[in-house]
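Asks: So the sequences go chain by chain: A and B.
The first sequence begins at 1407 in our numbering and counts up one residue at a time.
The second sequence begins at 477 in our numbering and counts up one residue at a time.
Calculated from the structure, these hints are not laboratory results.
Treat the hints loosely; a few may be bogus.
To be verified - Derived DSSO-like pairs: lysine-lysine, alpha-carbon spacing no greater than 30 Å straight-line:
id: 1; chain 1: A; residue 1: K1837; chain 2: B; residue 2: K624
id: 2; chain 1: A; residue 1: K2006; chain 2: A; residue 2: K1961
id: 3; chain 1: A; residue 1: K1837; chain 2: B; residue 2: K626
id: 4; chain 1: B; residue 1: K625; chain 2: A; residue 2: K1819
id: 5; chain 1: B; residue 1: K523; chain 2: A; residue 2: K1939
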Amino acid sequence: MNKVFPFAAVLGQERVKTALMLNVVNPRIGGVLICGAKGTAKSTLVRGLAELTDGMEVVNLPLNVTEDRLVGSLDWEQAVRAGRKSFCPGLLYQAHGHFLYIDEVNLLGDSIVNILLEVASTGTNTVEREGLSYSHPARFALIGSMNPEEGSLRSQFIDKFGLYVETGGEKETAVRVAIMERRLAYEADPVGFCAQWQAANRKIRTILHRGRALLGGVKAGEEAQRTAAELAQAGRCAGHRAEITLVETAKALAALAGRTEATERDVRQAAAYALPHRIRESLTLESAPEQGKGEGRQEAEQQVRQSGGQPDRADEATDQDEATDREVSSEGLSPLNSGAGQGDGEPAAITESKEGDGGNDSASPVPGEDGTALTLEIKLSRRDRITGPGKRNKTRTDGRQGKYIRYRQPVGKTSDIALDATLRAAACRQKTRARERPGGKLGERLALTVRPEDIREKVRESRSGAVILFAVDSSGSMGAHKRMKAVRGAVMSLLNEAYQKRDKVGVVAFRQDRAEVLLSVTRSVDLAQKYLKNLPTGGRTPLALGLERAFQLLKGEKRKNPDCLLYLVVISDGKANVALRNGDPLADALQAGEAIRYEKISSMVLDTEQGYLQFGLAQKLAQAMDSRYVKLDKISGQEIRSNLLDLIHR
Amino acid sequence: MNEVNEAQRERPGYPFCAIVGQQAMKEGLILNIINPWLGGILLRGEKGTAKSTAVRALADVLPVQRRIAGCRFGCDPDDDSFWCAECQARYAGKEGGRDRKQAQVRPTDWAETEIVRSRMQVINLPVSATEDRVVGTLDIEYALKEGKKKFEPGILAEVNRNILYVDEVNLLDDHVVDVLLDAAAMGVNSIEREGISYSHPSRFVLIGTMNPEEGDLRPQLLDRFGLVVDVYGEEDVEARVEVIKRRLAYEGDPVGFAAAYREEQATLSRKIAAAQRLLPQVTYSPQCLRLIAEIAVQLGVDGHRADLTFIKAAMAHAAYMGRTKVEKADLLTAARLALPHRLRRKPFEEGVLDQDALDRIISAATL
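Here chain B stands alone, though its shape is the one from the complex:
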């Protein structure tokens, strides 16, 4: 029986469940774990609102994944549509394939030693990251020793099937952003630089944080984020007190504090895993799609990503609630998360989403 590889930490991180309030942010993050192809999430807000804490805290509730042993990109043994070239070459005969509709894995002939189980990770992209570190580069050691070209993977390789976390995403260098956009769009990192010609899968959940006072985000990049949450500090005094209390308790005794939340975290983790299994069976009525399309037209969104993210978020939410049919509650939540950043803002307009109007439209509709 393969061991689950857990990262060894000297001190347990702040538990996700211990974050006070911030429902929207927590929900947004959870939905992205349930459906990693939702498009990621952008957390916009002033400093000190638990944005980074929440993302780092995710690490403990992330699901465990199966990966092909020895694969540099962590390919999924159950889904061969996105295998890297090396796995394709090596395992051409294997029957790795998931019939997603049935949520059943067809029998495969993987030996136990060929599979590794490890938790999905949150990998950090520092703002000062240089392109070669992100995209990958020539393996200089190999080149000098063997006189041959070999690709040395960068962050985009590590991040395949994981979460890429970019703090202060609006401060990222332009050309690094370009690279991210490309990979996020295609799910593939194509490198044509510095003597290397290579491509490999790079499908990841993009989580970014930013402080809007530092400047806006390029619309192209903004559009790539599936969901957006505007994060504010707690207004309620009681809540603020609780935040302080908990933080002090954690700082005073991290292990004990984390232990106190272990049960809750485990429950959440299971709930997420269950939702993931349920997701392929979630259905929606045609009226749902109609309603979404109408809303999109009324809001004047650019392109079609908004619609798709809307329905996908609603489906993920339904799965999270343990249902197999999308209902109004799902649409209401999804609307708040998927639409705010899609409004085409004319110069000089505030560009604020009228939440109440949206809620009314959705509540009044027949699904």
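The shape of chain A in the complex, shown without the other chains:
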């Protein structure tokens, strides 16, 4: 028996505990999203909760779940045995009336998220597959835990979570020591440890039980409802779910405290849990919510830490103290607010940093750079590439990379068989088939005969990253050095997000009579730091060479990974004065540009031409490449950034 770490034995993290407990008392709240850095007991708490919810289960949804197990499918065993079509329930069926827990919820595949969104909206799971038609109610509270460093959630998805809490590591030494001691004791003797904490756990269970019993009789008065509406309004929350959740949460708070009326104060306390992920404007509330119900343990001082997350928000630690005014601010929630809606298979819109957010656009200043903070928030479209027959990737050994998301009928021969789907297809048809003998075996009969028409193949989804190559003019024109530094800044910020998106960045610099690959296409921040340290400038402008080199690099990347998206950013004033061969420097450059266009590489030209006399050569280049063209009066990281955003926005 797996002895799970007891809920009561987790030190601190009072807010998470409260949020979870509120949901047990009142499941209509709709779950909770727990967001925080690694190693902060997120999953531990949820798994520990399972022991405290009488009657309600915590159904776990693993990340690599396939559709058939999520929504349910044909029960092929029944079909084979009894020749009957029946429904084999999936996780959604199991979770009805219970909790559905997703660890690392921000890593969940798009197709699964879509299903969850639909079911959460309608409250029903309708299955139409494999000749089966079935429908059942599916209402559950979603609990999710995530580490914002790994990526954000779609805003429609975030909205499905009733409450939102953050976790952080403890900063007080004494508390850290206590956490260590408990964990070590648990690992040394799990059974004994759990026995020790049984009493405390039982206490919580009793409190929850009482709360649930009381809930039915709890009323939210006129005042309370009005306050809820006001708060939701002030926060400019979308729709009306905010206030409904507020009221339900307030009721749960009252029930937990043993009262039958949800007061205005309850609503304000509830706001700290129910609003942070919904508001679009900062709100100020009075007093912190009540912490820890009846446990009589010393509360650890909580510091809500905004972990790593998106680099364009300054790190803010919010002290939670009973006496201070607490500001519920959407600014602290950078990881979530930047998730844009993403259609299935459609190019995603860029998630811009919040409009009108004024001063918060910049990151903490970067020492040694221009002094301009440079942050990039680029969400490239997650194009779901579907690989299938006829599109064999030469670079992959058997073309079976990628996550299996669904099945389909194959066109032609296939070796990537979806076994479960094939079996289900075969199972339906057993009645009309004689039980065949497999060739050669004596007296053995198959229980299930599979024919070629039953074969189903897997549809796989793999993420396509982007390759962003900078071709920078480092010739002796004015501001070359500054330009290089700005590019370096841009590269570093791109790379800091690159692991999330599987993007790669490279830099080609051209000057004097050659083009040099300063940074070969990489995802490694370490390498970028290493190779971009020295940025030589000066000399003439071999624009055509630079373009050609960039072109070669990009084509090489495409060969290695046919699924990747290619972007070229050219930063120059266009004043080419070194030719490729013996021709006209500008004509050569334009020709190189056309070749780039021909290969359908998306590009952008940042024109750094300054001064009164303008030749507009960079513009000509942009036309040849069919690229976006932007004129920059002075190079700054900010400008590169916002223009890059535009480039990727399709």
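Given chain A, work out where chain B should sit, using these hints.
Replies: What follows is chain B alone, placed relative to chain A:
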């Protein structure tokens, strides 16, 4: 008397003890054998620094384990807290239980035929591994013959109570990484896919290697590794010569070469086994924990895994040295292994651990 099952090899592998230098790497690996719940180890370094050699060489010094005969997951007869569902069902009455504090096994009524003794193994996860091979899948043969669902275990089943070795872990497909993370965290592999709904124990030591020039590792995955060692080639010319010499000698006569190190290997093996037995008795002073907590706060590590790994590594080291009390030497070693990858790196920072400062803090403290 049950035989110890040894893998038959045509040619003996390069002996662990014959690896030149690389103390940190060897120590890190050894500590993970002494305490398999230390969290594994990540070896970061350029090519040709004996990373893979060392891991494969481990095979010979790994301890022999007791497993329940016939169990697909190799359950431990002496510890029923992590038994698979099948063993739980079958052996519900058995008194399998280890009171770890006492390091004594309570009397059990296992018959000799119910136990198998075999060495802990290093199992390789290839970079191109597909999810179904890793997680397990439907037993197609059984399905066709009997018309019933049966789970066919994958690598995560094989690897229970063993070592999972992932070379070039930073090149692994995302969704395979997700699966590993999940199992590494919970010690359980839960499968809900392709018609299967099943779960089984999967507790393993995760050893990964990577070349940092190929790209960074996801922070989530990085955090799951208990220890990290940055491996560099030997700087010393003498040492380099020795590396060449030994390698050539091995290539020329593997059997003879291995034989020459047999004594040393056996000693190491015994030392590790002794440390394992001693580990449950290792203690630490409260000041130890305080010091660790303070260091963690100063370094600004994320979460609490760093602290735990730190103390566990120190304890394993103490056991390895034959002591039952954690001392400064243990903390010094543990710090170097458990902390480098935990520093929260702000954008544009180097994120390098100041080893000397750390050493000073530890040496100056009173335990």
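Asks: Give a verdict on every hint.
Replies: These are the hints, each one checked on the structure:
1. A:K1837 with B:K624: Between K1837 (chain A) and K624 (chain B) the Cα gap is close to 16 Å, so the pair holds against 30 Å.
2. A:K2006 with A:K1961: 11 Å, holds
3. A:K1837 with B:K626: 22 Å, holds
4. B:K625 with A:K1819: 26 Å, holds
5. B:K523 with A:K1939: 24 Å, holds
Every hint from the earlier list agrees with this structure, and none is contradicted.
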